[in-house]
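> This is what each chain is made of:
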Amino acid sequence: MSEGFAEIWRMGLRSRGFVIGGVITLLFVALAAVALVWTPYPVEEIVVARRFQGISSAHWLGTDQFGRDLVSLLMAGAVNSVAVAIVAVGLGVGIGVPLGAIAAARQGWLDEILMRANDFAFAFPALLSAVMITALAGPGAINSIIAIGIFNIPVFARLTRGAALVVWKREFILAARVAGKGPVRISIEHILPNISSVLIVQVTIQFALAILAEAGLSYLGLGTQPPQPSWGKMLNEAQTLMFLAPQLAIFPGLAIALTVLGLNLFGDGLRDVLDPRLRRER
Amino acid sequence: MALLSIENLCVELEGPEGTYRLLDEVNLLLNKGQCLGLVGESGCGKSMTALAIMGLLPQGMRAHGSILVDGEDLLRAEEERLCQLRGRKMAMVFQEPMTALNPVVPIGRQVGEGLRLHLGLTRHESETRATQSLARVGLPVERFPLGLFPHQLSGGQRQRVVIAMALACGPDILVADEPTTALDVTVQAQILDLLAEIIDEFDMGLVLITHDLGVVAETTDTMAVMYAGRVVEDGPTDEVFRRMAHPYTRGLFAAMPSHSSDGAATRTPLSTIPGRVPDALSRPAGCPFVTRCGFATDVCHQSVPQMEALGHRHGAACFNIARGEVDQ
Amino acid sequence: MTLFLVKRLIMLVATLLVAAVVVFSVLEILPGDPALVMLGVSAQPDTLAALRAEMGLDQPAWLRFFQWVGGLVTGELGRSYTYDVPVSELIVERVVVSLPLAVMALTLSTVIAIPLGVIAASRHNKPLDIALTGAAQFGIAIPNFWFAILLILLFSVTLQWVPAGGFAGWDAGFWPAVQSLLLPAFALALPQAAILTRVTRSSVLEVLQEDFVRTARAKGLSRNAALWRHAVRNALIPVITILGLQFSFLLAGTIIIENVFYLPGLGRLLFQAIAQRDLIVVKDLVVLLAGSVVLVNFLVDVGYAVLDPRLRSGGGHV
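Chains as they are written, first to last, in the numbering used here: chain R, 1 to 282; chain S, 1 to 328; chain B, 1 to 318.
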């Protein structure tokens, strides 16, 4: 297993996207991790006297309308984005993968229902439904996580089912069945390890999408609520101050774009490394 | 002057682990109204030769030597000039009629496209000529309107469309790369007959690529046997069949199912040539066939045999021609 | 072909019905009594009951569902609680903003992306291709509302070429109206164009490997002629699917973008209706939006048939 990991690592270093994307992603995760224990200035510290400051050695990216340090806010925002994305994608994986695995193992009516529900979910704009859910259930971080997570379920269910069906047809599965193993055990012991690379790649892509969705919901005021900083919310506030302090509208967006870019590059690179055959599918 | 004359053609591909030589010093000659058969196992460089004649080698491949068509060297021609020659001077019939035609374009337009391009015909004129061309290959417009799409035709019919397309502008050279391999046995003979008729009628030269020695014997005037990117034996077809000199040619012949007079395959077991064609990187230092040859001697391992004249225009590249003949 | 379209039509109706059921049930389950919202928490119980009766809220859910669906079919969309006008009137008023916006965005992204994708593919692994692919990666990563803000910063705040938001209205003339939709359309189009460029590129690259492209070259067509006349049309078949999917993303995008630019469109109406618990408007709008998504996907299937003759005639040999 560690040998396989070394091989992936060696091949990955040859892919430009893998390296650049990996570095950016790591950087943001590291920033978020640091922000958990330390930020240059306390995020809640409101000092009206130093508001709308430009870039300086004390405040690398300046301050906002309440005199809060922008670097600190962005770091805290990274925590928020990463946390929401982890939980939302985790929800999608945690429910979607078992559903897809069961559908592939059992076939029949269950499979049929699951796939029709999937078709329906795909025909419907996810963001529209997320807006509906958060607006009706009340705005807030938890509800936005649920809303984003719900739309990750069909993605992973469909992917798992498709990939698992291919593995189920392989010979070593037949051998396992002859050996008397049940579908659940086969799914866990043989199917999942064989489709894990596909799933990992999809996780990075969904992670990027979740960060974008969270930013959108927060921008609309439906996601993370103040005073907890979030990139989307920061952009919303900056928009009304655009004439006064245009830089406030630049950096949070840049943070979102860079994170998503890093994750996408990393995901594409990882896909090329893990399974070159998958390249053609997108 | 020969219609097509290939001299010392080499094709190389720059790979991560060195240069692959896909064609090595290939020499071929084709005269008007004649058919040249290229035979060999898959991977021997037959199709690569065909693509080189068309100037359509895949990107990244380099060719040197010369390919003279009516005295003009294609390897030194500009891409623009090649576009003028393709379809007009030399045309090609491909192996897979299922995929060689554009699925979303009607057959009439596919046949007429070259006419409009090369002869500057109007849409109407090109349709008239396309109709004639299709009729010539056995697809009369009454039953096969120009508006048909490829998927509405059978494999044999599609191959006829491909031939009509190649014929449209009256080329001097027709390159047919395994034109019957993908077709039903019954259709194969029809397509080969059609090709032979057309060569006679239009006084063209045909390069027929095949792995089937039977087809070579029936259809071609001259032949060349290729192995691992090299021509190992060539000459007039009847001459080569009478005195097969290279062990590989004889191996191919022995591997061919022989047919009795009523057409049924006889029961004698087929012999096969042991081993497989070495790939471009792992070719032996000496004769490329040495790893599979039953007559190999020390010299075969050390140096590459050159073509040696055996009779009137008949030649083979082997150190042991005499011994091989004794054993036959 | 006819059979194929009839099947699709049945699917279309079925999907709409499912959408109606889902929306209706979601709104049933979620908390929030519209009558209570309208009258405020201090409302008298009997006034509340009277309003509930007037709005039909005292009837069983299944009956209200059928009344609602019946209304949808006959065009009786009901009346908005908050605006106190027929929902149909509200929708017509907003559609004239959202539909031109979506059409403009879709046109922009198609017109930009397809040529770029084809060009990138034709220069496979050359500097231009690498630059375009990189730009597309950026385009996908940039959130469209941030791009919208950047556009406002540049064109409205700095250059002052176009207004920063709001809609001039079609009464103000064609050009002013289009002008106020220009930036929003660009903002909506960017991520879609980026995705479309990538899809077009990979699709063209795949088709360029096909035998019939080589056949076209053997006929004497130049590399470019073979690309545009033979490869592109085949490559567009999968691109059409993505175009259909993009329409639904565009719709979702309008919710945010219309908010960024303060445009009185359907997205903003939906957003406000949800916030104000104007449930009848929410229900009607969601079904309308779902309907247009399904309709567009139906049109995509028709588009397939136009591009791909294998679908048009039932096949079979002559």
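Derived from the structure by calculation, the hints contain no laboratory data. Idealized CB from N, CA, C, for every residue including glycine. Don't take each hint at face value.
Claimed, not checked - So the derived list for chain S, only partly shown, Cβ under 8 Å to chain B, looks like this:
id, residue
1, 17
2, 19
3, 20
4, 54
5, 60
6, 61
7, 86
8, 92
9, 99
10, 100
11, 101
12, 121
13, 151
14, 165
15, 295
16, 296
> Run every hint past the structure and note whether it holds.
These are the hints, each one checked on the structure:
{"no.": "1", "hint": "17", "result": "violated, 20 Å"}
{"no.": "2", "hint": "19", "result": "violated, 20 Å"}
{"no.": "3", "hint": "20", "result": "violated, 20 Å"}
{"no.": "4", "hint": "54", "result": "holds, 6 Å"}
{"no.": "5", "hint": "60", "result": "violated, 10 Å"}
{"no.": "6", "hint": "61", "result": "violated, 14 Å"}
{"no.": "7", "hint": "86", "result": "holds, 4 Å"}
{"no.": "8", "hint": "92", "result": "holds, 4 Å"}
{"no.": "9", "hint": "99", "result": "holds, 4 Å"}
{"no.": "10", "hint": "100", "result": "holds, 5 Å"}
{"no.": "11", "hint": "101", "result": "holds, 6 Å"}
{"no.": "12", "hint": "121", "result": "violated, 14 Å"}
{"no.": "13", "hint": "151", "result": "holds, 5 Å"}
{"no.": "14", "hint": "165", "result": "holds, 7 Å"}
{"no.": "15", "hint": "295", "result": "violated, 40 Å"}
{"no.": "16", "hint": "296", "result": "violated, 39 Å"}
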